[in-house]
Structure formats: structure tokens, C-alpha cells
Amino acid sequence: MQISLQGKPFTLLHEKALYNNDESLLIIADVHLGKVNHFRKEGISMPLNAQQGDYLNLKQLLDKVTPKKVYFLGDLFHSDYNYDWHHFEALISCYTDTDFTLIKGNHDFVDVEKFERLGLHIVKDLIEDKHFIYSHAPVSYEHNKLNISGHIHPGISISGRANQSVRIPCFYLKDNLLLLPAFGTLTGLYKMDRTASAHIYVVLPGEVKKL
Amino acid sequence: MNAPTGFGKTYAIWFGVLQNYFARKKRKAGLHCLWLTPLRALSKEIYYSTQQVSDELGLDYEIAMRTGDTTQKERQRQKKKMPQGLITTPESVHLLLAQKGYNETFKNLEVVVVDEWHELLGTKRGVLIELALSRLKAINPKLKVWGISATIGNLEEAKEILLGTGQGKSKLIRSTLEKQIEIETLLPDQIEKYPWAGHLGITLLDKILPVIHNSNTTLIFTNVRSQCEIWYQRLLEAEPELAGQLAIHHGSLSEDVRLWVENALHDGLLKAVVCTSSLDLGVDFRPVDSVIQIGSPKGVARFMQRAGRSGHQPGAVSKIFFLPTHSLEIIEGSAMRHAIAHKQIEQRVPYIRSFDVLIQFMVTLAISDGFRADELYNEIIKTHCFESVSREEFNWCLAFITKGGKSLDNYDEFHKVVVVDDVYRVVSRKVAMRHRLNIGVIVSDSMLHIKFLGGKRLGMVEEWFVSRLNPGDVFWFAGHNLELIRIKDMTAFVRKSTKGKGVFPSWQGGRMPLSSQLTDAIRIKLDEYYNRKAKDIEQIKLIPLFDRQEKVSHLPHVSELLIEKAHTKEGYHVFVFSFEGRNVHEGLSSLFAFRIAKIKPMTFSLGFNDYGFELLSDQEIPIEQALENGLFNTEHLSADIYASVNINEMAKRKFRDIATISGLVLGNYPGKQTKTRHVQANSELFFQVFTDYEKDNLLLQEAFDEVMTFQMEQVRLVKALERMQGQKVIIKQLEQLSPFCFPIFAERFRDQLSNEPFDVRVRRLIEQQGE
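From first to last, the protein sequence lines stand for chains A and B.
All residue numbers for the first sequence refer to the working numbering, where the first residue is 1 and numbers rise by one.
All residue numbers for the second sequence refer to the working numbering, where the first residue is 1 and numbers rise by one.
Note that these hints are calculated values from the structure, not bench results.
Keep in mind that the hints are not guaranteed to be accurate.
Cβ pair distances, simulated, as ranges [claimed, not checked]:
# : chain 1 : residue 1 : chain 2 : residue 2 : range
1 : A       : 89        : B       : 427       : 25 to 35 angstroms
2 : A       : 80        : B       : 429       : 14 to 24 angstroms
3 : A       : 55        : B       : 395       : 38 to 48 angstroms
4 : A       : 55        : B       : 260       : 53 to 63 angstroms
5 : A       : 24        : B       : 601       : 38 to 48 angstroms
Negatives, chain A to chain B, calculated, CB over 10 angstroms [to be verified]:
#  : residue
6  : 64
7  : 112
8  : 113
9  : 130
10 : 141
11 : 142
In this text, a Cβ means the ideal position worked out from N, Cα and C, and glycines have one as well.
This is chain B alone, in the form it adopts within the complex (with noise of 0.2 angstroms):
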């Protein structure tokens, strides 16, 4: 079902759940209705929705809901008497077929709805679904399953991925009703005088301030944690008055903190929330009606989603400003309307083979009931995720977790999963302890708690950013100025700060790339101010800084390709412009160089951005030849960019989680550390070990294939490429960096390339430590 948000959607399928169960005149006893969210605050939403449908016809139709926060006492009266209805999440399934028995639990389901499917869709939490639902259809072949989305550009694969191949009739229904959004952007005064690079978009705090102001309540979305806690910060000391009325909101924060925001919310006693994607979601905040973009958005689906939080009663206008943090970006406002305009939105693109998920997933059935293979792999390749794993390749996974690899050593003592009368099954009380507290897929980095000395929980941020703190050392967090007074146990305990000042966090984690919708519609839009067509705002807005484009490089036409040199005292740097989002870049800078550097060896730094990439040497780069000889060829692409040496680096890093997903190193608990120590080694160990020593170790392919698939996006890679090759490349040589150059001249983040053997590197760079 697709609808927009704030149409009904939950009580549409609640009904029909409700009347599949009344219509019934025996009516069978235990779980009925199985509801999967992304999110506990969605959890209680639903919860709340559907109880009070309970309460108010008087239904004899109790609803419970299991979440990490469920009791251990609630869960043991659900293990007794289960509900008719439980609303839970992907995770807390897979912990109910982690117990013994759970057939029986499930013996009588009739009905699962997989809510905000799109958000699940793909991450592994999708697989985690699809996996589940396989097994929930082996015990109910008549099992019905229903999906809620919002719009994507591949809705109809998504139902498919949710259905799996099975038997079974299915229908996508679609709502006419379209959510009004209207864009504006808060532009700078003069352009002339607003920075050509950044992040933050601090300048234009006084632009927001009228819009909090004619608001009844505010929430202004931001791309990162750390921006998300300077936002705050600032805002508050430009106007104090809103002490009291402003909140903050983002992942990291502790469930305490972040409920009272919610809640706080939800009875618009708030007049503005600074938030991250972490208030994407679900949860209805009917008081709020401006909603504030500050950055680039990089999707056009997650503008709408944010967007939608506003305005959230039927027929109601979303209203949504965004605010650029540099001036190139300006551009994507207008790019963003025309993008809605014509219904550009993104797909979700699925995990496919995820090894790590199934083999997770393989010993969380052992230690309930166990399984026999032959059944078990005719379910999973029912599923999207697993309809090509040949047989031979789920053999490679028995053996991984019976005997740790395909080992045929006599003395081997590897020891997870038994065959017992040819069902597999742990029979390890430790093993199976360790993995419950395994079971997922959202692997996070080592997280310290912060806590006041009172006790009271304020959130996590990452071991690194505290590691470089001393007892007395004052920092941002939650909207407090903290001083960290001790850590122990992986706590960091903290008391409040009158210094006013002090470092903010940052948390690492994965940057979006423009997504190629958004692209799409900057390149129109470029061309149109070519063409002498612009007129929305933003372009004429913008007229000023493309003249200077044109005058000291040049603005390319839809069917040019502009690539810019420019040498400075840091080296040589070449610069290229496609528009095809940083992760396209990342892949694309690190082929070029590849390719380069067989003309002559050569070490290259590389930067990226959304709208380009630079290569920057200590030599002068030989872009006119690498030209001739083939740069954009689409042959060899495989083979080229695996000899480049970040993949490597990329894969490793992927390799992270699917080394936790799949229990070769265990999750960070924080305060259980000490016990599992011993056991305890990095993924990059295993990732070199099985690198050296077992290269066709599926978790190691994933971890590559995965590269390519997100990383690298290689269908889009090879249509950049495509394109490249139909266009005219236009070569500039600046006297002066341009305002498409400065932005990645000035990116902090860089990534190296080098042809030159490790030792040979070594050395120069010990060498260089001289100088």
C-alpha cells in the first residue's frame, strides 16, 4: 500500500485485519497479527492507533508490543499467552525464532504488515525481513503479508522483494491523492559575499530565526549529528529567548532524552527542534508546520519524506525552506522543484546474497529448534535476497558454521553448530548466550555512554572523540556544555559547564551521495542559464558567481565536459566536473589516477565532491594523453578498478560489519567487554587473513561485491563513463581557482592512490618526516 503520509494508511490495514479475525467463527487462540516497524517510537504510535480501536468498539483483541525496551516480565507473559496482535521490530523476530518452540507461537498468524517497507528495503534490516517472512510461510503456506511504503521510483520491485518468489496472488494499491510541497529557499543577500565552500551555513543563521518565529512549530533537519549540536548551539546564543522552546534530536542521543523531545513535540509545547534524519520517520507531529533543510538534501525522496512532516493532516501544503551551506548549492533548491515537479524520485536498490545475514541467520534457528538443510535452502531462495545462492555456495555456509571454513584438518576443534540426526543445532549454552546477544545488523562503532554523575543517561558518542579528552576538558553534547570528569566501564561520566565553550563531537559514519535524480536535474538546470532560460529564483540568484565561472573557466553545456587545471604550491591538481554524486567520484578519481599512472608511475591525492573530483600530484598529470589513450573506457572496468588500491581500503571497511553480522567478532557491549577479550580480534585482522589465506571466502567476496554495488554504485559508474565518452571535453587552464573548483579544493577528506610498491612508499614518506 502507497499512500502519502497523514492519509491513513494504518487504520486501512488495521481494519482488514481486524474483520480477517472477527469474520472468523472459530476463532483460534494466540499471535494473529504480526506488525513490523523500523522504529520503537513508530511501535508505540501503532500501539497507541490500534489499542484505542480496541478499546473504543470494545474488541476482544489484545495488542502488545516487543521492542529492545520490553521487559524481561512482559516478555515472559508473552512467551505464556501470546497477544492477538504484537507489534514489534525485524530484530525482535528474529530473537522469537531464537527461542525454543517458536513453531508453536506461530502456529496460528495470519496476517504480517511490514510498515515504512521503503526505509527497510535496501539495509540488511530488509534482508532480515525477508528472511523471516520465508520462515513464517513454511509454517503458514497461507500466510498474508502486507507492505507499506511511501513513494519510491521502484515501488512495484519492492512489493516483489517483500512477497519473495513463493506461490501467491498480490496487488499494489496506490492512493491518487498527491501531498502539496512548497519550496523555498533562503537565500544570502549577496552572493558575492557568501563563501563558495562549506558545510554549515552558519551565515544564514539570521534567515531562519523569522521563519521559527512565524511558525507554530519548527524543524529543522540537518545532515550530521555534529552539525546538528553546533545548530543548536548557535541558535541559542543568537537568540536566548528560545531557551526552554528549542530541542535537539539526533541517533546518538539516549532514549530518555529523545522521548522527551517527542513527546514535547507531539504536544507542541516546542517552538523548534534541530534534528537529524532521526525524526525522518513515521511519528506524527501534528504542531508542526515549517519544516527547514540546512545543507543539501541529496535525495529528492528524503526532501519529500522531511518535507511531509509538516503540514501533516490530509490536503494540508508541506512547506519545506532550504538553506545552502555554500553557493554552488544554491542550485539545488531549484533542481529540487523541478526534480518533484516531474516525480524524479529514487529507487531503493535491495541487498542481494547478503552471506553474512543468512549464516546469522542459519545459527539463530539452530540454537531454537534447528533445521535440515535440504528444507532450509529451499525456503531462502524463495526470497530476493537468495534466489541465486546455488546449492554449493549454501554448502560453503554449513561448513563455515559446522567446521569454521571448508578445514578437513583431523584435529580441527572448531565448534559452533552440531549435525544431530541430520538436524544442525548448537548445543553450546555459551555459544548460544553469545549469540542472542548477536543477533542484527546495525553494527556501531565503540560507543561510550555519557552520563551525568547523578546517573542520568544523556547518549553515546564514539570511544575516539572521548579518548582525546582529559578529566577537566569541557565539550558539546545533547545542548549541554560538559565537563568530563572520569570514564569507566565505558562510561564517560560528565557534569554541567559554565565555560561556554569547548569541542563538538563528530560521529563517523557514511556520507549520502547526491543521488542521480538530483544530478539529473542540476545539469538541466545549469544548461537552462546556457540557454538564457533561467528564471527560477535560485538561478538568477546565481547569475552573478556564473558569470565569474564563465570568465575565469567556463560553465558547461549539458553536452560538454569541463575538466579544469590548475597548479598551485600544494602541486598539480586537475579537476572534473560530471555531476554524478561523491561515491561515483570516489570510484571514478581513483580509476583515473589507475589509468594515468600507466603513462608514468606516480602517487596521487584525490578529493571528491558531489558535483566533481580532483586528482592532485606532486607532477604535472598528463590528462591530454591519458585522453587519447581511452580514460572514459568502459572495457577492462572490473579488472581496473580492482587493481586500483582502494578498493581494498573500501572493502575492508565494509567488511567491518559483515565480520560482526556474521559472529566473527563480537558486538560492542559496552561494559561486558572484559569477558569476551580473549576472543576478541579486529575485522581487519580476519579481513587479511582470509585474504591471504582463503580467497574465495564468500564473506569476503560480499564484502567486495557490496563495494561495488553501494561504494562504488557501479551501474551508475559505467553510465557516467557512457556519457563522458558522447561528450565534449572542454580543458581549462586557470589562472585562478573557479567557484566549481574552490568547494573540492577545499575538502578536507582525501584518499590516496599510488602505483609505487608499499615499501618504496614507506620509505619516502619516513624521508619526507626529514624535511
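Pulled out of the complex, with its shape left as it was, chain A reads as follows (with noise of 0.2 angstroms):
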């Protein structure tokens, strides 16, 4: 779906993720890699494969988009380093010509050296040009820019007659702030406010729509 932001072209993708048509930036938060790992490592057994669709996710995503950059906002990567590592080196090693930036997130514990001998950039809080600020979580100072930022993990309950109800993720837009919605299929949602002050985007099989 292709929305404008601050007066440029933008596309909200039903793979969860956000695209900057002028400057080819594909923009993703919360992946959440690793997860897996990180339980069993801890003694808590989710099955070894409930990760591949991760993986497998943002292969076919980086390959519809071609996209020049891509910036990971936050939650690459959960918790320190495990196995995974070695599925996620796999992965980005594929993708010589893209130029991959990681805006750390509370989960990215994984040593900062590790991402940069994979050729990512590493930032620690966030990503300001003249219009946009990129962040992980949403920032706190006041600011006249759009701020595009994960974290949340936005989610929406649409209820309809005879009290049927779903909870789908979603994109929200609400004053200068547009949350993404969490790529990793690990992940939980947060129920967001249906004020009207928010445009909300909700996330289908197959495509965008606004509420």
C-alpha cells in the first residue's frame, strides 16, 4: 500500500516491513533471530525449526525489494549470541550489495564487532535526517520530524456484529510517530488504542489495509 510521509513516497508492506521509495530503504524492526536458541539455551524447549520461517521471511522480502539499504530498527537479534548466529551470517552474506544498519535495540546484546565483520553498521540509538527519525523505541524529546520506530509490536482487536472478533498486527501512524509492526513471527502483539487521531494500517495475507 503506498502511503507519503512527510511528503515522500512510502510502502507498507504485508511482509510486515516499510519501504522508502526514493532512497531504495527497506526498513524492518523487531526480528527477533535467535529467539529459539536463546529459550533452549535457558532450559525452555520451543522446537529447533519454529525459527526457518524468520529466516525464510526475509530472504524472499530482501529478494522481492532488491532494496540498496536496509535499516534493522532494533531487536535483531535476541538476547547474546547463540547458534543462530551462524544462520543469520549465512543469510546476509548473501547480500554483498546491500548495506544493512542495525539500530541496537534492548535485546541486541550480540558484541557489536560481530555485526561489523558481517559488514553491518551498528548505531547505537538512532538515525536522523532532515526529515525522518529512525529509532527503536519511540523517542522521548520533542521534535517537528516523522519518527518511524518498532519496539511496540502494534497490534489491533476488530470486532464486528454478533461479538466476533481478531487481533492482527498493524502499522500505526498517530501524530509524528508511525510504529512498525514486529517482522519476527515469535513475537507477541500489544493491543493499541483505536483513538482517532491514529491511522491505522492493519496487516492481511496479501496485502495492507487502513482502517
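Using the supplied hints, reconstruct the complex from the two chains, each of which is provided in its own coordinate frame.
This is the structure in C-alpha cells:
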């Protein structure tokens, strides 16, 4: 779905990512790779193959969009180093022409050096340009740009006649903040408010729809 | 041993225990008798009773308590030197089994007494007891096990479950004494003016004031905690003189508050207490001479137990008043009397194959002295719960705790239990510590403490309730009008308010279905009306209502099944009155919806109560055609039930407890949440992941099995369908809603069922948003 942010053309992708058309920049939040192995190390049994979908989705998305640049808005790799890193390494090395940047999140504890060895740029807090602020968590200071962030894992509950309801992930735009849905499959949803001033774009199988 | 309350069961067993000990010439040191109770309050009572014997006879037999409240110092003291008698709970025994060298602790144990076994049976705490006993019997093959139980429908089976399938003789001792119970239904003056639907019953408040005044002390039982809070408040408003003599008691109040009420009750300081099932059990409140049950008691055993709270002395009559909350419910007073007279008392259905509890138990043993697979397997299959567990299934559990499932990946980093020289052990202190905190099977929602600014604890409410309040908002809790000041570290700080208004908290939690014993009795009582044999006061009161039902629809004979159809602005309704309890109706409604939707695709909204259920759709429901196609067929039943959407949702809810008990999801510890957050995932995620990637996961299957046994009550559901096949179906098209269907129509709790694909459904929902 095409939308305009700060006068610039963007695409809301049903793969749960945002694309900045002018800059050929793909923006992805909260992938949480390595989560399965992190849990397993702690003695909590999640099936090993439960994360495969994430790698596959990521690969398919990169192949479809072929962006010049990719920003990961934090929580790319869940907690510290574990064996999943090798899968990540294998994936990233297929895209030598793409410029990857990670804005660190609260779950990213892997060494900066390990990322840099893979050619990723690491940014501690945020990336700011003329119109936008890209960050992991929404920034807390006053500004007059658009803050694009992750961290929240926004979702919305839709109800209709005869007491029916569903909960689905969404893009959530309110005032000068755009929240991206979490990309990873092993993530939960945080239920957002349906205030009138919020623009809500729900993610459905195969498309994004404005509420 | 089975006898009515107040006949001296405790002493009957305790003197036997003492005799067993003192008859020996050589008395061994250490723990001799373990007495297990389901409640801390009960532990105290047993402690005082047994200690009194030791004191007055000057016996050298030390008794101690060990519950969640026991101080660290006292625990250390017990560890050094165990008393002869230990009164404790199922969870505390498992914590003892999690201590290194527990073999030594239980070396000379001779007797285990399980008190109120009927309460534990039919819960996973009962499974904890079965497992603990299997281990203790392995240490002491000559262990004597006593069970104490109130009267239930399957007493013989209860005995066998407790004892397991091992060697040894057993005996059931039953008292021939019977407790006299007198039931009086509090009736509205004019049945025509009493509401057709409702759960609260406040309209009859005037009727209970005389009962309170004419009694010494009255216990007022409500079915849920929110109802308890509301009744307490309304009673005080109606009769301000009761202030100071009226108290409130339910499971979410703090231990201090509850203890104060219990002591005041015991000492005869209170005129009345509004309570929930928290006062069902054990503790003897001699001053109580009247009991009031507000709303359907749902089961005969439960009603008798509550009645037995009054007239606790041997030979005394138990007097109970029943207050129906809507007009049709009046029939239950009459049905209850019938069921008690004919000794129709419910069975307790035990849990079987609870792999979550087994997995927890395995890790418990692994953090203390470790276990060997063959030995443990041979022990657990002697319990009723795990009798049918195959070696392959047991091996799956072993793999689950050592390899995190059946993964074969060489690079797997899973770490929990390790095998050293064939012994399964936990070596990581972190794993051991986390497991100790997780021992137990009672899973609660995320709860917040309610505290005064001064620090006094009032109790707990669910997080979602407080999250809807802002500082300054006023709500009722523990009988106080409270203002929310702030929320910090999972605690809501409050101060007393004088506004006198405010919302009442509610707690989520299962609602009990009406038991089949009661529904059978209701059918008999309706039939008596039909045959003009009605003579109970309740039945006579209901005649105008039944006449009206007959006029606008039909009053079903016992050999008939009534189906009502109606068309309102909400859509097309079909009501079916099968009188099978809300669980079976939940199952039947989704089954029928699924089968009808085979005729043409449609989405239903489902409603149900204990008497019947409703299908609602925006299209006309082809019920006649569905009947011709075999709506009541019991063939393909499991497949049809599994195909309906709801079973997944139900299983997901059951899986919440299973995930916590088996250690996948860490329990909620107020104040300690931050430390565990990075390994905290909700059970829904696990449910989804297992469904997608590990269909044969035993914990996942357990969730579905539990739904079939306890939620759908499969056995009862099949019987219901079979009965329907033999009944004559009467279909009535209603011009106006009938007294039967109105309570279901008015229910706010509804489920939905659809055979349309997910995205089609969501897209339509989105379209409806725009309208």
C-alpha cells in the first residue's frame, strides 16, 4: 500500500516492513532472530525449526524488494550470541550489494564487532535526517519530524456484528510517530488504542488495509 | 474414611497414628506421620487439634506445620531435626522432594494422611499427591496411606486413585450416620415481577435480612468474587447497623484479612459473612447456624458441603436457604431437595496423563538427588494418573527435559537436565532456582497487590482490571471504598475514599456448569408439572411462569426436546433446551453450528447457559433440514468437534496452565518480573509454535484431552446426543421471547463459530467498521 509520509512516497508491505521508495531503503523492526536458541539455552523447549520461517521471510522480502539499504530498527538478534548466528551470517553474506544498518534495541546484546565483521553498520540510538528519525523505541524528546520506530509490536483488535473479533498486527501512525509491526513470527502483539487521531493500517495475508 | 463433617474424623485417625508410634518398643527418630491438607487454614486447625492431644496426654510427639507461610528459620530447624508429625500441603511435599538428601528425611515415615481428598481429587494437586506417594512408597514400601473424604459419587474409585495400583490391602470405612439437611428457598412475593434473567439476586435482599437477624451467625455463599463484593456492599447499605458485624471473605483477599475473619467467626463475633468457595472447606465455625446460597449452587455435593457449614455439631440439623437469582432458577431448590433425598451426588473426575505435572516432577527430582529412568518409570505407572503412559511417552518426557524435545541438531544448545552415569540431574543453579519457584500447579492470572499507603496488604486483583483505572479513580475491594493513588512494582497503592461510588472488580475464571445430577433432577421436576404432580413450594410458585411458557411456546415433557425459533433485529435465533449444563451446551452449540454450516456457509454467534443454548445468525438457520441430516448423530463426533473452530481456542486456554506447570512459561511473581522477562513468552506463542512445528507434542495433546474431558465433558455430551435421538423434537416459532429462552438471550457471554476462511472474515469485519 502506497502512502505519503512528510511528502515522501513510502510503501507499507504486507510482509510487515516499510519501504522508502526515494532512497530504496527497506525498514524492518523487531525480527528477534535467535530467540528459539536463546530460550533453549535457558532450558525452555521451543522447537528448533520454529525460527526457520523468519529466515525464509527475510530472504524472500530482500529478493522481492532488492533495496540498496536496509535499516533494522532494533531487536534484530534476541539477546546474546548463540548458534543461530551462523544462519544469520549465511543469510547476510548473500547480499553483498546491500548496505545493512542496525539501530540497537534493548534485546541486542551481541558484540558490535561480530556485526561489523558481517559488514553491518551499528548505530547506538537513532538515525536522523531532514525529515525522519529512525529509532528502536519511540524517542522521548520534542521534535517536528516523523519518528519511525519499532519496539512496541503494535496490534489491533477488530470486532464486528454478532460479537466477532480478531487481533492482527498493524502499522500505527499517530501525530509524529509511525510504529512498525514486529517482523518476527515469534513475537506477541501489544493492543493499541483506536483513537480517532490514529491512522491504522492492518496487515492481512497478502495485503495492507487502512482501517 | 468417609463421615459427615463434625463427627470426629481427625481424632479417629490421629489416635491410630499415635498408637502405631507408641506401640513400638524401639521408636525411630525423625518424621513418622505426614498429614496433607488442601488449605493452610485447615493445616492450622489440624495442628491445634493434634497438638492438644500431645499436650493433654503429655506425649513425647512433636508436631509442626510447613506451608508457604513457614519462615526460613523454622524450615532450617525442621531440616536439622524433623518433628514426628508434619502437617503440610501437596506443594510443600514436592518442595521437600526437591531438597538434597530427602531420602533421609522420609526414611522412617510410616503414615501419610490425605485430608479432604475429595477436594484434591479432580485437580492437578491430586496428581501432585499421587506422584509424591509413589516416591514415598518407593522409599518405604510398608507406608500406610489414609484418605479422608466427604461423600462423593465415586468414593470407591477415589480410594483406589489415592492408593495406586501397587501391592497391599485396602479398606473403605464409611459412617452410617447421616447429616440432616433442611432446605428453604427464599421466594419472591410475586413471581410475575421477578426478573427472567440475572446473576445477582439483589432484588431479594429483603428476604435475607430476617434470616440474618433470626440466626446467631450466617454464612452467605456467592458463586464468584465480584458478586461477593457487591452483596457485601448492598447489605451494608440496606442495614447500616450491620457495620462491624458483617465481614467479607474470598480467595483474593490477603491472608491477614482472611485470618482475621476466620478468627472472628470462630469466636462468634460476627453476625454474617459474605463469602465464596473460600469458606467451603474444613475449618469448623461452631457459631454458624444458618447458611444462605445465592444463585445456583451448580452441584449437589457442593450444596451439601456448604449446608454442612451450619450445625457443625454431631446430630445437629444443617439449615440452608437458597436464593434464586432469576425466576426459572427457583426450580433448583426443588431439584436439590430431590437429588439429596435420592443420594444423587456428583463424581469427581480425576486427571489422567497430566504430562505437565510429570515433567515438573521429573525436574523436581533432578534438582535434589537425581533419578534413574527405569526406576522412575516403574514408580509412576503405579499411579492412577500415569498408569497408561507408555515407555515411549515417558522417553518423550525425558527428551523434553534433557534435549528440549526430539531435536537431533548437533549444535543445539538446549540446557536443563543432564544425564551423568545414568542419573538425571540438574547441575545449573539457575535452572534449579527457577524450578523451585515454579513448583506447584495453581496458575493465576497476572495479579496486582492492593496495598494501603501505610503498607497494609488487602489482597490481589487481576492486572487487566487495574490497567483500566487511572490514579484518582475509585473502586470497591475487600468491602472498602478505595481510591487508586499509584501503581508501582506490581502493586496498586490505595487510600480509603469517602465518595461511596466506584466500580467493582471482577475476576476471570471458569464458571462451574450445572452437574448432571442436578439437571436430571430438574427434568424430573419439570415433568411433575406436566403431569400435574407438582407439590413442592417452588414448583407451585412457578406455575404462572410455566403457564406462560406453555402459552407462548411449549413446556417440554421429559420425552420431548424443545427447540424455539425467533426473529429479532439481532438476527435469526434458534434455542435448544437440553438441560445439560453450560459446558455441554458450549460443545453442543458449536457442534450444531458446524453441522448446520455444512448445509450452507454461515457465521454463528453462540450463547448458552445451564438450561439450553442459542445459535444466532444473520441468515435464516435451516434447523429442520439439519435435523433430517442427522444433527444428533454420534458418528464422526470427535472429528466434527475437532473441526469446529472453538476447540482450538479452548485448548489454547487450557494450554496456559500446562505451559506454566511444565516450566515453558515462568509463573508470575509480583516484583520479580524484570529478571525473567527476556525468557518470557506467552503460552499462546508456544501453543502456536507447537501446533505449527511439533504436532505430536504431548503437552499440546494434553490440552486437547483436557478440553474433551473437562470442558466439553465428552462422556456427558455423547449421552446428551443419545438422549436427544430418543426424544420427540418440538419446534416452536415464537412471536415473543419465552421465559426459557430469555435468560440465554440476555447472556452477555458469547462465542462465535465460523466456517469462513480467516482473511475473508477479517475483511468483512473491516467492512463492517465503516458502517
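Each hint, compared with the structure:
A hinted range of 25 to 35 angstroms holds for the C-beta pair residue 89 of chain A and residue 427 of chain B, which are about 31 angstroms apart. With their beta carbons about 19 angstroms apart, residue 80 of chain A and residue 429 of chain B fall inside the hinted range of 14 to 24 angstroms. About 31 angstroms separates the C-beta atoms of residue 55 of chain A and residue 395 of chain B, a value inconsistent with the hinted range of 38 to 48 angstroms. For the pair residue 55 of chain A and residue 260 of chain B, the supplied restraint of 53 to 63 angstroms holds, since their beta-carbon distance comes to about 59 angstroms.
The hinted range of 38 to 48 angstroms is satisfied by residue 24 of chain A and residue 601 of chain B, whose Cβ atoms lie roughly 44 angstroms apart. Consistency note on residue 64 of chain A: stated as away from chain B, and its beta-carbon is indeed over 10 angstroms from all of that chain's, at 20 angstroms minimum. Its beta-carbon lying about 19 angstroms from the closest one in chain B, residue 112 of chain A satisfies the requirement of being farther than 10 angstroms from that chain. Interface exclusion of residue 113 of chain A from chain B stands, the closest Cβ pair being 21 angstroms apart, more than 10 angstroms.
Residue-level check passed: residue 130 of chain A sits 35 angstroms from the nearest beta carbon of chain B, beyond 10 angstroms. The beta carbon of residue 141 of chain A sits about 25 angstroms from the closest Cβ of chain B, which is more than 10 angstroms, so the claim that it is off the interface holds. The beta carbon of residue 142 of chain A is kept farther than 10 angstroms from every beta carbon of chain B, the shortest such distance being approximately 24 angstroms.
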